[in-house]
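Enquirer: Protein chains in written order, with the numbering used here: chain A, 1 to 352; chain B, 1 to 76.
These are calculated hints, taken from the structure and not from any lab test. A couple of the hints might just be wrong.
Straight-line Cα separation of at most 30 Å, DSS-like style, residue types lysine-lysine; simulated pairs [as the list claims (entries may be wrong)]: (1) A:226 <-> A:264; (2) A:180 <-> A:161; (3) A:337 <-> B:45; (4) A:244 <-> B:71; (5) A:330 <-> B:71; (6) B:45 <-> A:330; (7) A:226 <-> B:45; (8) A:264 <-> A:330; (9) A:226 <-> B:60; (10) A:43 <-> A:192; (11) A:180 <-> A:244; (12) B:45 <-> A:244; (13) A:337 <-> B:60; (14) A:180 <-> A:192; (15) A:264 <-> B:71; (16) A:337 <-> A:264; (17) A:161 <-> A:172; (18) A:192 <-> A:161; (19) B:71 <-> A:180; (20) A:43 <-> A:172; (21) B:45 <-> B:60; (22) A:172 <-> A:182; (23) A:244 <-> A:264; (24) A:226 <-> A:337; (25) A:337 <-> A:244.
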Amino acid sequence: MSIQYRIIHCLNQFFGGIGGEEQASTPPSLFSGARGPGMLLQKEFPQIEIAATLVFGDNYVAENPEAAIREILGLLTPYCTENRPDLLVAGPAFNAGRYGIACGAICQAVQEELDLPAVTGMYPNNPAVELYRLHTFIARTSDNVMGMADAIGNMIPLGLKLVREEEVWPEKDGYLLQGKRKNIFVRETGAKRAVTMLLARMNGEPFTTEYPMPVFDRAEPAPPIKDMGQARLALVTSGGIVPKGNPDRIEAANAQRFGTYSLKGLQALSAQTHQTAHGGYDPTYANQDPNRVLPLDAVRELEAEGAIGSLHEYYYATVGNATSVENARKYGQQIAKILVADGVQAVILTST
Amino acid sequence: MVKEIERSGIPVVHACSIVPISLTVGGNRIVPTIAIPHPFGRPDKSIAEEKALRRQLVEKALHALQTPIEKQTVFE
Chain A
1 MSIQYRIIHC LNQFFGGIGG EEQASTPPSL FSGARGPGML LQKEFPQIEI AATLVFGDNY
61 VAENPEAAIR EILGLLTPYC TENRPDLLVA GPAFNAGRYG IACGAICQAV QEELDLPAVT
121 GMYPNNPAVE LYRLHTFIAR TSDNVMGMAD AIGNMIPLGL KLVREEEVWP EKDGYLLQGK
181 RKNIFVRETG AKRAVTMLLA RMNGEPFTTE YPMPVFDRAE PAPPIKDMGQ ARLALVTSGG
241 IVPKGNPDRI EAANAQRFGT YSLKGLQALS AQTHQTAHGG YDPTYANQDP NRVLPLDAVR
301 ELEAEGAIGS LHEYYYATVG NATSVENARK YGQQIAKILV ADGVQAVILT ST
Chain B
1 MVKEIERSGI PVVHACSIVP ISLTVGGNRI VPTIAIPHPF GRPDKSIAEE KALRRQLVEK
61 ALHALQTPIE KQTVFE
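Could you build the full structure based on these sequences and the hints that come with them?
Expert: In structure tokens form, the structure reads like this:
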């Protein structure tokens, strides 16, 4: 089959073959041809040629999306004026939060600034979905790279439909809801359809709503502490700081547990006593000085000066790296129970 | 985790480097930190400067815990 479409592919440093977490601060650069999953993409869709691959470090984009996106547009603009590509494909990012943010931001920017159709792919619970789903096409994927072939098989047909300006639908074309309403013709009136659904519900039969209600999971802000100098503070982290050797073997990704660790007698964390178990960022700096993630030294200093009443004897740690929302909720509930029982009044929760 | 602890009535300050994620998942008191691999650190500075910056961030977090809020608030 001859080449019909030319696309630009965007990948993070892992998938782009530049390196691991130690390369997460790499600025974006443009390479000609396909890299990593782009090879699979071209093999599965012989009518597509990847003209260029843009590769960026996860942290470089996620820490400062606005500046990074301007830089990326600067790289892509000359490219898009001569020999304009048909489509931009970003990712898939699966359940990777930083990667998802980058993919969403790039897709939105090239659609709006370069008028180029764009598609990405993510797991529905990826935190970037809520940020970008209204403005971009996010194909549904599994939560990890095992689902690469399916993700590509979902993203590309959707992207090509956008190029050809064909009609797309979330359910049929496998992308996440954008919150758009479309007018369609149906045989039965709304009243009749609603009553049919109601009867089905009353009879305990299955039915599909035409307007799923959004789920807002929000916690009311708790009242402030009147005087931290009188209050009991606890430290919690999703940054994976654990005693040296990771005694509970908290997983580097998709954590299945949290740890409870004593701070008694400790004035600061150190490379000798603590380390990170987190597999989602370069551990060099946290392992050199774990206070960079869980700032015990500063907290103890402020406690000694009376700015903090007292520090709870334990801290609680898990790894927030592709950890499921259900597990995180469960750990939060369990930790909250202990904190309430121990009379803790305020919490600093640190995340990487 | 932030929300579940907050639901128990204990105010939580979320100190994190990717503020949009905290806003999306429902953090109420948010303090932006320095960088993903070292939220409370600046490895390029001297140890004294780094410690001073870390202390400032913790003080900001304590300030957030003592501030009444009605809605999600980022303490820049």
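Enquirer: Indicate, hint by hint, whether the structure satisfies it.
Expert: Against the structure, the hints come out as follows:
no.	hint	verdict
1	A:226 <-> A:264	26 Å, holds
2	A:180 <-> A:161	18 Å, holds
3	A:337 <-> B:45	39 Å, violated
4	A:244 <-> B:71	39 Å, violated
5	A:330 <-> B:71	24 Å, holds
6	B:45 <-> A:330	38 Å, violated
7	A:226 <-> B:45	34 Å, violated
8	A:264 <-> A:330	26 Å, holds
9	A:226 <-> B:60	15 Å, holds
10	A:43 <-> A:192	49 Å, violated
11	A:180 <-> A:244	50 Å, violated
12	B:45 <-> A:244	25 Å, holds
13	A:337 <-> B:60	26 Å, holds
14	A:180 <-> A:192	23 Å, holds
15	A:264 <-> B:71	35 Å, violated
16	A:337 <-> A:264	21 Å, holds
17	A:161 <-> A:172	12 Å, holds
18	A:192 <-> A:161	34 Å, violated
19	B:71 <-> A:180	27 Å, holds
20	A:43 <-> A:172	24 Å, holds
21	B:45 <-> B:60	20 Å, holds
22	A:172 <-> A:182	14 Å, holds
23	A:244 <-> A:264	16 Å, holds
24	A:226 <-> A:337	22 Å, holds
25	A:337 <-> A:244	26 Å, holds
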